[in-house]
Amino acid sequence: MALPAVAIYSFLYLYPAISNLLYSTQRWDGVTKAQFVGLHNFKYLATSDDLFHKIVANNFRFSFVVVILQTLFSLMFAIFLLKNTKANIFLRTLFFFPTILSSVSVGLIWTFLYNPNFGFINASLKAIGLHKLALNWLSDGRYSLYSIAIAQIWFHTGQMIVIYLAGLQQIPAELYEAADVDGATRWQQFRNITWPMALPTTAVVVAYTTIQTFRAFDLVYAMTQGGPMNSSDLIVTSIYNMAFGAYKFGYASAESVVLVVVVLVITWIQRRTLRVDYGSK
Amino acid sequence: MFYNVSRRVLLAIFAIAVIVPSSIVVLGTFKKDIEIYTKPLAFPKHWSLTNFYNLIHQGNVFVPFKNSLIVAFFSVFFTLLIASMAAFAISRMITVTGKVLFLLFSLGLAIPGQVNIIPIYLLFVKLHLTNSLIGLILVNIAITLPISIFILTTFFRDLPKEMFEVAGIDGAGLFRTYRSIALPLSRPAMGATGIFLFVICWNDLLYPLMLITQSDKKTLPLTLIDFRGEYATSYSMLFTAIMVASVPMVLMYIFMQKSFVAGLTAGAVKG
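Here the protein sequences line up with chains A and W, keeping their order. Here the first sequence stands for residues 13 to 293, numbered as in our numbering. Here the second sequence stands for residues 0 to 270, numbered as in our numbering.
Hints should not be assumed to be uniformly reliable.
[To be verified] Here are the computed lysine-lysine pairs in the BS3-like style, where the Cα-Cα straight-line distance is at most 30 Å:
| # | chain 1 | residue 1 | chain 2 | residue 2 |
| --- | --- | --- | --- | --- |
| 1 | A | LYS95 | W | LYS257 |
| 2 | W | LYS65 | W | LYS125 |
| 3 | A | LYS260 | W | LYS125 |
| 4 | A | LYS260 | W | LYS216 |
| 5 | W | LYS257 | A | LYS98 |
| 6 | W | LYS98 | W | LYS160 |
| 7 | A | LYS45 | A | LYS260 |
| 8 | A | LYS260 | A | LYS95 |
| 9 | A | LYS55 | A | LYS66 |
| 10 | A | LYS45 | A | LYS55 |
| 11 | A | LYS66 | A | LYS138 |
| 12 | W | LYS38 | A | LYS138 |
| 13 | W | LYS98 | A | LYS144 |
| 14 | A | LYS138 | W | LYS31 |
| 15 | W | LYS44 | W | LYS125 |
| 16 | W | LYS257 | W | LYS160 |
| 17 | W | LYS216 | W | LYS65 |
| 18 | W | LYS31 | W | LYS44 |
| 19 | W | LYS44 | A | LYS138 |
| 20 | W | LYS31 | A | LYS45 |
[Said to hold, decoys possible] According to the in silico footprint, chain W covers these stretches of chain A (three or more CB under 8 Å from chain W):
| # | stretch |
| --- | --- |
| 21 | 228–236 |
| 22 | 270–281 |
[Said to hold, decoys possible] In silico negatives: residues of chain A with every beta carbon more than 10 Å from chain W:
| # | residue |
| --- | --- |
| 23 | LYS55 |
| 24 | LEU57 |
| 25 | LEU63 |
| 26 | HIS65 |
| 27 | ALA69 |
| 28 | VAL77 |
| 29 | VAL79 |
| 30 | ALA135 |
| 31 | LEU137 |
| 32 | THR169 |
| 33 | ILE205 |
| 34 | THR214 |
| 35 | PRO240 |
| 36 | MET241 |
| 37 | LEU286 |
These are computed hints drawn from the structure, not numbers from a lab. Where is the CB? At the ideal position from N, CA and C, for every residue including glycine.
Please model the complete structure; the sequences and the hints are all you need to start from.
Structure, rendered in structure tokens:
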């Protein structure tokens, strides 16, 4: 009964993944005959490709900002909305709303908001006299990556709030009652009850968000296509451009092998540290 | 006191951050471009359906809508069918095979599906599956199989074993047990997983972007991207297209909110 699944999965998932490894050892434009170059692609990626180094650094920066802020916001809002009051349930529904939009829609809506001339953000900033803060959000290489990060956070915080709510609702209410009796402040309750008890959930949220940011493609493609000057290029957008823009299929495959390695290493590190953290509490 | 004030302020800020862009889009569908640029949040001077009319008239949204619907529906249907059969078999196998299979599919969770874009593209060129909705459906099934099998296997494992043992004693084979007992019991899990898969397939950009170039085979995300180039300044048309593209999701969210949220979060937690 598992046969159809095994067949499709082997043919369209495992086999491509393996042939990807093979392609990564070739120089190939997709038309002429592929040329075996051994580990040359990887050597070049590691030592000489400054652009790729910049893109990997971009991706790490993007991930760092999104993981920290999105986790912080979703934990905070989950704590705010923990009680099942009518207002809270309404707000949970509202905050989840961006999640149901498609990533392309989100990207294009934010492109409008960020427009330097008539976009809503700059218009509002100018209206309250903050002309200096009205930046070229997407067309200035200093801000483009972070502007996309904000859109990404807007997009997915609601989903993470729901995950946190499920985790926080598992915490026994007696703990807080006992803390109240002992006169613990809100901050002390957070530090000594909520945070340690929610750590497993935090581990899930952080792991998921990290992977999501290393897979990110849609928002960048819709908003800046990696520009200006590759300032918002991420690993997957760069793989796509390398293959379908520059027709360097072998080299692009090598980049995607690097992506797998990066994702696996980060997942492994996170599993270890977050588990150790949890065990020691 | 300080806590309550800051709580309210922060909640209000996030609520505004969600409501304002959504309102701009919804109101924008009834406006002319110039009104969107000058007064994005004001009610339209004249509520007009011209944008919708133009969009339908030009005919470049109906076809992608239909394509997206076909691709999403068949991808979800076949993934659920194939994944639930595999998941049930794996959960009933106490032998090594079950564990090996489970590990094999878990491997797919570790490798992001985006990594396969190049080999899939080259393979599909060979098989003449580019510019084909069937090609997109196959890719979707392959990409979503690991996560679906993972979610459904955990679900089947949690069902009481006795039920299946009794069925076995009564002479029901593995497939009969799956069809008559496991499937009816798994309706909520399948529903939630199905919605999760539908969202993924409906919104996917990367694979259609490289596999589809013919305009009559394009899906909605591709069409939306085209709007950006084609109508560089026409946000009224773009917003109307976004609105049309979001309708199925919004309807599903309104009418199946519980399964919707459960599906999207299960996908995140298990993935």
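How the hints compare with the structure:
| no. | hint | result |
| --- | --- | --- |
| 1 | LYS95(A) <-> LYS257(W) | 18 Å, holds |
| 2 | LYS65(W) <-> LYS125(W) | 27 Å, holds |
| 3 | LYS260(A) <-> LYS125(W) | 18 Å, holds |
| 4 | LYS260(A) <-> LYS216(W) | 26 Å, holds |
| 5 | LYS257(W) <-> LYS98(A) | 16 Å, holds |
| 6 | LYS98(W) <-> LYS160(W) | 17 Å, holds |
| 7 | LYS45(A) <-> LYS260(A) | 13 Å, holds |
| 8 | LYS260(A) <-> LYS95(A) | 54 Å, violated |
| 9 | LYS55(A) <-> LYS66(A) | 16 Å, holds |
| 10 | LYS45(A) <-> LYS55(A) | 22 Å, holds |
| 11 | LYS66(A) <-> LYS138(A) | 33 Å, violated |
| 12 | LYS38(W) <-> LYS138(A) | 14 Å, holds |
| 13 | LYS98(W) <-> LYS144(A) | 60 Å, violated |
| 14 | LYS138(A) <-> LYS31(W) | 23 Å, holds |
| 15 | LYS44(W) <-> LYS125(W) | 54 Å, violated |
| 16 | LYS257(W) <-> LYS160(W) | 27 Å, holds |
| 17 | LYS216(W) <-> LYS65(W) | 10 Å, holds |
| 18 | LYS31(W) <-> LYS44(W) | 9 Å, holds |
| 19 | LYS44(W) <-> LYS138(A) | 24 Å, holds |
| 20 | LYS31(W) <-> LYS45(A) | 53 Å, violated |
| 21 | 228–236 | holds (count 4) |
| 22 | 270–281 | holds (count 5) |
| 23 | LYS55 | 20 Å, holds |
| 24 | LEU57 | 15 Å, holds |
| 25 | LEU63 | 19 Å, holds |
| 26 | HIS65 | 20 Å, holds |
| 27 | ALA69 | 19 Å, holds |
| 28 | VAL77 | 17 Å, holds |
| 29 | VAL79 | 14 Å, holds |
| 30 | ALA135 | 8 Å, violated |
| 31 | LEU137 | 14 Å, holds |
| 32 | THR169 | 8 Å, violated |
| 33 | ILE205 | 15 Å, holds |
| 34 | THR214 | 12 Å, holds |
| 35 | PRO240 | 16 Å, holds |
| 36 | MET241 | 20 Å, holds |
| 37 | LEU286 | 14 Å, holds |
Comparing the model with each earlier hint shows violations of hints 8, 11, 13, 15, 20, 30, 32; every other hint is respected.
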